[in-house]
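Undergrad: So the protein lines, in turn, are chains A and B. The letter at position 135 of the first sequence is residue 135 when you use my numbering, and the numbering goes up by one with no holes. The letter at position 146 of the second sequence is residue 146 when you use my numbering, and the numbering goes up by one with no holes.
Be careful, since some hints might not be right.
Now the in silico label distances, taken between C-beta atoms and shown as ranges [stated by the list, open to error]: (1) B:32 x A:9: 32 to 42 Å; (2) B:91 x A:67: 40 to 50 Å; (3) B:63 x A:24: 42 to 52 Å; (4) B:52 x A:33: 45 to 55 Å; (5) A:24 x B:101: 22 to 32 Å; (6) B:65 x A:67: 20 to 30 Å.
Because the hints were derived from the structure by calculation, they are not lab data. Ideal Cβ placement from N, Cα and C applies to all residues, glycine included.
Protein chains: 2
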Amino acid sequence: MDILVETSARHMHITQADLETLFGKSAELTWKKDLSQPGQYACAERVDVVGPKGKFNMSILGPVRPVTQVEISLTDARMMGISAPVRESGDLAGSAGAKLVGPAGEVELKEGVIAAKRHIHTTPEDAAAMGVKDKEIVDVVINTMERALVFGDVVVRVHPNFRTAMHIDTDESNAAAAGGEVYASIVK
Amino acid sequence: MDILVETSARHMHITQADLETLFGKSAELTWKKDLSQPGQYACAERVDVVGPKGKFNMSILGPVRPVTQVEISLTDARMMGISAPVRESGDLAGSAGAKLVGPAGEVELKEGVIAAKRHIHTTPEDAAAMGVKDKEIVDVVINTMERALVFGDVVVRVHPNFRTAMHIDTDESNAAAAGGEVYASIVK
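Input sequences plus hints: build the corresponding full structure.
TA: So, in C-alpha cells, the structure goes:
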C-alpha cells in the first residue's frame with residue numbers, strides 16, 4: 001500500500017494558558033489552513049522560539065492542546081543550541097526547554113521541545129490492509145530518484161479519525177530528497 | 001566490514017584565483033586541522049556564502065583545487081534560497097550559484113554549489129574485502145539507537161590514498177541520529 005509522505009517543518013502546539021500569555025487575555029487561535037489530519041489546522045499566529053544560540057519564528061498548529069510542545073529538526077536544534085531528543089508526540093518528560101516570545105509576553109518552557117519520532121498516521125482499515133498494529137515499529141522504504149532510503153524506527157499510530165500519511169521532519173525529508181509528492185511503503 | 005561514518009558540515013573548496021580575489025594577492029590557505037582523508041585539511045580562512053534568502057559563514061578545506069565548489073545540505077540550500085542539486089564532487093555543470101564574500105573581495109560563483117551525493121571513500125584492499133568496485137552504487141545500513149536506516153544511492157570511490165570512511169551531510173546524519181562515533185556496513 002502506498003503511503004503519502006508529508007514533511008513537517010518546525011512548528012508548535014500550544015495550551016490556552018500559554019496562548020494567552022503570548023498573545024493576550026482571551027486570545028484565540030486564528031484558522032489559516034487545514035492540515036491533512038482531520039481537525040488539525042495551521043494558525044495565523046506565530047511565535048519566536050529562542051535557544052542559547054539562535055531562534056526560529058514558528059507557526060502554531062491548532063486546536064489548543066493540554067500541553068505546549070515544540071517540534072523541530074535536529075538541524076534546527078543545533079542552530080538554536082539546544083539538545084532536543086527524538087520522541088513521540090506527547091512524550092515530553094526531560095525533553096529540551098526554550099523561551100517562547102509572543103507580541104504580548106513570554107513563556108519559559110522548561111520542557112516540551114522535541115525532534116518528532118518519524119511516524120505513520122493510519123486508520124484501523126488501512127492498518128489491517130498493511131498488516132500493522134498501533135504502536136508497532138516498522139521499516140519504510142522511499143524510492144526517490146536520487147536519495148532512496150529505508151527508514152527504520154517508524155512508529156505506527158492507528159485511529160479512526162486519522163488519514164493515512166507518513167510524517168517525517170525536514171532533515172529526514174532532505175536525506176531522502178523527498179520534495180514534491182512522494183509515497184512510501186512498509187517493508188515486510 | 002564496519003565503515004566509520006563521518007558527517008560533513010557545509011564547507012567549500014577553492015581555486016587559487018578565487019582565494020586571491022577573496023583574501024588578497026598571493027593569499028595562501030592556512031592549515032588548521034587535518035581531516036580523515038590523507039592530505040585534506042580544514043583552513044583558518046572562512047568565507048560568507050550568500051544566497052537570495054540567507055548566508056552562511058563556511059570553512060575552506062584545503063589544498064586549493066582546480067575548481068571552486070561549495071557543499072551544503074538541502075536544509076542549508078532552502079535557508080539560502082537556492083536550489084542545490086544532489087551531485088558527486090566535481091560534477092558541477094548546471095549546479096547552483098552563490099556570491100562568495102571575503103575580507104578582500106567578492107566572487108560571483110555562477111555554478112559550483114551542490115548537496116554532496118553520499119559516498120564511501122575506500123582503498124583497493126578494503127573495496128576487495130567488501131566486494132565493491134569504484135563508482136558502484138550500494139545500500140548502506142546504519143544501526144543507530146533511535147533512527148536506524150538504510151541509505152540507498154551511496155556511491156563508492158576507490159583510491160589507494162583514501163582512508164575508508166562514509167561521508168554524509170548534516171541532514172542525512174540527523175535523519176539517522178548519527179551523532180558520536182557511528183559505523184555503517186554495506187548491505188549485500
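Undergrad: Taking the hints in turn, state whether each one holds.
TA: We went through each hint and held it up to the structure:
1. The beta-carbon spacing between residue 32 of chain B and residue 9 of chain A, approximately 35 Å, falls within the hinted interval of 32 to 42 Å.
2. At roughly 47 Å, the beta carbons of residue 91 of chain B and residue 67 of chain A sit within the given window of 40 to 50 Å.
3. At about 58 Å, the CB distance of residue 63 of chain B to residue 24 of chain A disagrees with the hint of 42 to 52 Å.
4. Look at residue 52 of chain B against residue 33 of chain A: about 25 Å separates their beta carbons, and that is not inside 45 to 55 Å.
5. Under the hint 22 to 32 Å, the C-beta atoms of residue 24 of chain A and residue 101 of chain B, about 42 Å apart, miss the expected range.
6. Range check, residue 65 of chain B to residue 67 of chain A: Cβ separation about 51 Å, and the 20 to 30 Å hint is violated.
Going through the hint list in order, the structure does not satisfy hints 3, 4, 5 and 6.
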